[in-house]
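K.L.:
Residues per chain, in single letters:
Protein chains: 2
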Amino acid sequence: MIAGFGIFYFASMMTIGLDMMGGDFAPLEAIKGVDTYLSAAREDVRLVLIGNEAEMAPLLKANPLPEASYTIIHAPEVIGMHEHPTKALKEKQQSSIAVGFHLLATGKTDAFISAGNTGAMMVGALFSIKAIEGVLRPTIGAYMPREKGTLGLLADVGLNADCKPENLNQFAILATLFAKHVLNIDQPRTGLVNLGEEEGKGNLLAQAAFPLLKANPLLNFIGNIEGRDILLDKADVMICDGFTGNVVLKLAESIYDIVQRRRISDEHFNRFNFETYGGVPVLGVSKPVIIGHGISQRMAFSNMIRTAVRMLETDLIGKMKASFTGS
Amino acid sequence: MIAGFGIFYFASMMTIGLDMMGGDFAPLEAIKGVDTYLSAAREDVRLVLIGNEAEMAPLLKANPLPEASYTIIHAPEVIGMHEHPTKALKEKQQSSIAVGFHLLATGKTDAFISAGNTGAMMVGALFSIKAIEGVLRPTIGAYMPREKGTLGLLADVGLNADCKPENLNQFAILATLFAKHVLNIDQPRTGLVNLGEEEGKGNLLAQAAFPLLKANPLLNFIGNIEGRDILLDKADVMICDGFTGNVVLKLAESIYDIVQRRRISDEHFNRFNFETYGGVPVLGVSKPVIIGHGISQRMAFSNMIRTAVRMLETDLIGKMKASFTGS
Numbered sequence: 001m002i003a004g005f006g007i008f009y010f011a012s013m014m015t016i017g018l019d020m021m022g023g024d025f026a027p028l029e030a031i032k033g034v035d036t037y038l039s040a041a042r043e044d045v046r047l048v049l050i051g052n053e054a055e056m057a058p059l060l061k062a063n064p065l066p067e068a069s070y071t072i073i074h075a076p077e078v079i080g081m082h083e084h085p086t087k088a089l090k091e092k093q094q095s096s097i098a099v100g101f102h103l104l105a106t107g108k109t110d111a112f113i114s115a116g117n118t119g120a121m122m123v124g125a126l127f128s129i130k131a132i133e134g135v136l137r138p139t140i141g142a143y144m145p146r147e148k149g150t151l152g153l154l155a156d157v158g159l160n161a162d163c164k165p166e167n168l169n170q171f172a173i174l175a176t177l178f179a180k181h182v183l184n185i186d187q188p189r190t191g192l193v194n195l196g197e198e199e200g201k202g203n204l205l206a207q208a209a210f211p212l213l214k215a216n217p218l219l220n221f222i223g224n225i226e227g228r229d230i231l232l233d234k235a236d237v238m239i240c241d242g243f244t245g246n247v248v249l250k251l252a253e254s255i256y257d258i259v260q261r262r263r264i265s266d267e268h269f270n271r272f273n274f275e276t277y278g279g280v281p282v283l284g285v286s287k288p289v290i291i292g293h294g295i296s297q298r299m300a301f302s303n304m305i306r307t308a309v310r311m312l313e314t315d316l317i318g319k320m321k322a323s324f325t326g327s
Numbered sequence: 001m002i003a004g005f006g007i008f009y010f011a012s013m014m015t016i017g018l019d020m021m022g023g024d025f026a027p028l029e030a031i032k033g034v035d036t037y038l039s040a041a042r043e044d045v046r047l048v049l050i051g052n053e054a055e056m057a058p059l060l061k062a063n064p065l066p067e068a069s070y071t072i073i074h075a076p077e078v079i080g081m082h083e084h085p086t087k088a089l090k091e092k093q094q095s096s097i098a099v100g101f102h103l104l105a106t107g108k109t110d111a112f113i114s115a116g117n118t119g120a121m122m123v124g125a126l127f128s129i130k131a132i133e134g135v136l137r138p139t140i141g142a143y144m145p146r147e148k149g150t151l152g153l154l155a156d157v158g159l160n161a162d163c164k165p166e167n168l169n170q171f172a173i174l175a176t177l178f179a180k181h182v183l184n185i186d187q188p189r190t191g192l193v194n195l196g197e198e199e200g201k202g203n204l205l206a207q208a209a210f211p212l213l214k215a216n217p218l219l220n221f222i223g224n225i226e227g228r229d230i231l232l233d234k235a236d237v238m239i240c241d242g243f244t245g246n247v248v249l250k251l252a253e254s255i256y257d258i259v260q261r262r263r264i265s266d267e268h269f270n271r272f273n274f275e276t277y278g279g280v281p282v283l284g285v286s287k288p289v290i291i292g293h294g295i296s297q298r299m300a301f302s303n304m305i306r307t308a309v310r311m312l313e314t315d316l317i318g319k320m321k322a323s324f325t326g327s
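Going down the list, the sequences are from chains H and G. Under the numbering used here, the first residue of the first sequence carries the number 1, and numbering increases by one thereafter. Under the numbering used here, the first residue of the second sequence carries the number 1, and numbering increases by one thereafter.
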């Protein structure tokens, strides 16, 4: 089925696969996001819109996109937000997520983005494409807004509920490269999320990870950071196990909801709208994969495409591979 | 030294030991806190003010307290906020914290409160007085404010960085009794802090703790709660390991700092001023011990005394002992 659609390739082209069926507002907001992205896009980016063609057709007619900039790949099935990831991926091979990973794995696209079932995206990222050689466990990072307007990157935020010390060390390398090349932070400061500042503090995992991070020449390690430092400008890259990181991320997300309900309008707290950032990168896999929030709308989709393009144009994956060569 | 001061006992009296030298604003704010508490106090509460008599004397002259309501116990030494807890407690036996625990352990006081060195308070609580029989590890809870004005209780928030599933089960029993009798919550709902809602989610600890909480007849277990639920009114008692809880607590505390810096005045966010609540109870030890924040001022000290009195008048420790009998 896929081959029949004949995607054209150019040497310098970046081809971004986008799941049009993922998220609460798909496919309309995905189309709008593509529109926003393309309005200021580079000419060497081509989108591959993966989803139900019949559903997309009238929306594309109402919201026309420049024809040369995209291709549609029909995927008749959708994995629901609450389906079991592994089971759904296996049973729904014609779903937009399964097709998206197939295109990515076979080199028909260079990156894949979806705001659909997070678990299915994680499973797909881990099993459809490979981890970078030497990476024990890929990780997912999330942005934390700072008062001065910059972003910090917290990893892991849920892909690895239980971690070994070496996992945290590798998350730090991967997140540092992302912070440097995609967030444009020079010499990103890495902090280990912990329950106290002093060396020697922590649970067994943090105690064992500390010396690994400290001895790692690829990092600008500043030591332990506490919960109170996560929203401050103390570290650019903040490392923890995926259980702690997931609880922190969702707590931080809930602050925005409370601020909204309290009808507080504040420039900084508005930046707690995690939808703004579009999605979180899966780091440590051999191709760029971005997982969007279920509530993603126009701006989120546009930002996710931009992040994927930035990952490609900076050859982030190549830099990650180089960091793990011989490790 | 202590015996010479001759504390008087009455059968119905509740005698609360208060470290006057702990915290950034000691001893003045501790004196003010006692004053505030006594202005609305029950007649059967007596305070034992533990600290440097010479330092306290001029402050007590300037801020006179009703003489019948308190006794002073001189403690010439102070454990600094950054001293090593075990070492300091051992070497400074005339410090206010060491004397405070001695008075508590020997029955000269019924409860002990300090806003001093948190680590020393934890060590003192664990080793000077005993854990309740059957309690594997005592825990420390912290309050989480809700929009409707009530408080949730999160435990553990740092006493136990690494936990076993049975620890979490016991924290839930202890925190539930505190929520019921001190926070006056009928049938407190207990939630397990986790990275997903569904049963089976989580790290190994949460996965193993879930069935224990579910099967526990002493709990009103509502299942897993996520980071986004911690500041909502979903569960009254929220259980996690002390590493996660500590990061969550300090992150929540930092929200108030940000709100202050942004000059946002909002009734709900004002309640994120954790100083308001005075201190956190150590749960599972055989006497009431309350650990205050280093920045504690008048209201915090007053509230800590009130919490200790409430723990005594409801015989919370007796109820905890009964819950662990035969377990």
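One should not assume that every hint holds.
You can't tell identical chains apart in this list, so a pair holds if it fits in one copy or across any two.
Straight-line alpha carbon distances no greater than 25 Å define the calculated BS3-like cross-link-like pairs of lysine-lysine that follow [said to hold, decoys possible]:
| hint | residue 1 | residue 2 |
| --- | --- | --- |
| 1 | 201 | 164 |
| 2 | 148 | 61 |
| 3 | 90 | 201 |
| 4 | 234 | 321 |
| 5 | 92 | 319 |
| 6 | 32 | 130 |
| 7 | 130 | 214 |
| 8 | 321 | 90 |
| 9 | 234 | 90 |
| 10 | 92 | 130 |
| 11 | 32 | 214 |
| 12 | 61 | 234 |
Simulated from the structure, these hints should not be mistaken for laboratory data.
K.L.:
Up to 25 Å between alpha-carbons, please classify residue 321 paired with residue 90: within, between, both or neither.
P.N.:
neither (29 Å within a copy, 52 Å between copies)
K.L.:
Evaluate residue 32 and residue 130 at a C-alpha cut-off of 25 Å and name the case that applies: within, between, both or neither.
P.N.:
neither (31 Å within a copy, 64 Å between copies)
K.L.:
For the identical chains here, do residue 130 and residue 214 meet the 25 Å Cα criterion within one copy, between copies, both, or neither?
P.N.:
neither (28 Å within a copy, 38 Å between copies)
K.L.:
Between the shortest in-copy and the shortest cross-copy C-alpha distance, which are at most 25 Å for residue 148 and residue 61: within, between, both, or neither?
P.N.:
Answer is neither; intra-copy 42 Å and inter-copy 47 Å both fail.
K.L.:
How would you label the pair residue 201, residue 164 (within, between, both, or neither) given a Cα cut-off of 25 Å?
P.N.:
Cα proximity of residue 201 and residue 164: in one copy and across copies (17 Å, 19 Å).
K.L.:
Have a look at residue 90 and residue 201 and pick one of within, between, both or neither, based on CA distance no larger than 25 Å.
P.N.:
between (44 Å within a copy, 20 Å between copies)
K.L.:
With identical chains, the pair residue 92 and residue 130 could be close in the same copy or across copies; at 25 Å between alpha carbons, which is it: within, between, both, or neither?
P.N.:
within (21 Å within a copy, 58 Å between copies)
K.L.:
For residue 61 vs residue 234, is the C-alpha pair at or below 25 Å within one copy, between two copies, both, or neither?
P.N.:
Result: close neither inside a copy nor across copies, 48 Å intra and 44 Å inter.
K.L.:
Pop the pair residue 92 and residue 319 into one bin, within, between, both or neither, using alpha-carbon distances up to 25 Å.
P.N.:
Intra 34 Å, inter 54 Å, cutoff 25 Å: neither.
K.L.:
Given identical chains, is residue 234 near residue 321, meaning Cα to Cα at most 25 Å, within a copy, between copies, both, or neither?
P.N.:
neither (28 Å within a copy, 44 Å between copies)
K.L.:
When no copy is named, should residue 234 and residue 90 be tagged within, between, both, or neither for a Cα gap of at most 25 Å?
P.N.:
neither (43 Å within a copy, 35 Å between copies)
K.L.:
Pop the pair residue 32 and residue 214 into one bin, within, between, both or neither, using alpha-carbon distances up to 25 Å.
P.N.:
neither (45 Å within a copy, 45 Å between copies)
Consistency note: the structure conflicts with the earlier hints numbered 2, 4, 5, 6, 7, 8, 9, 11 and 12.
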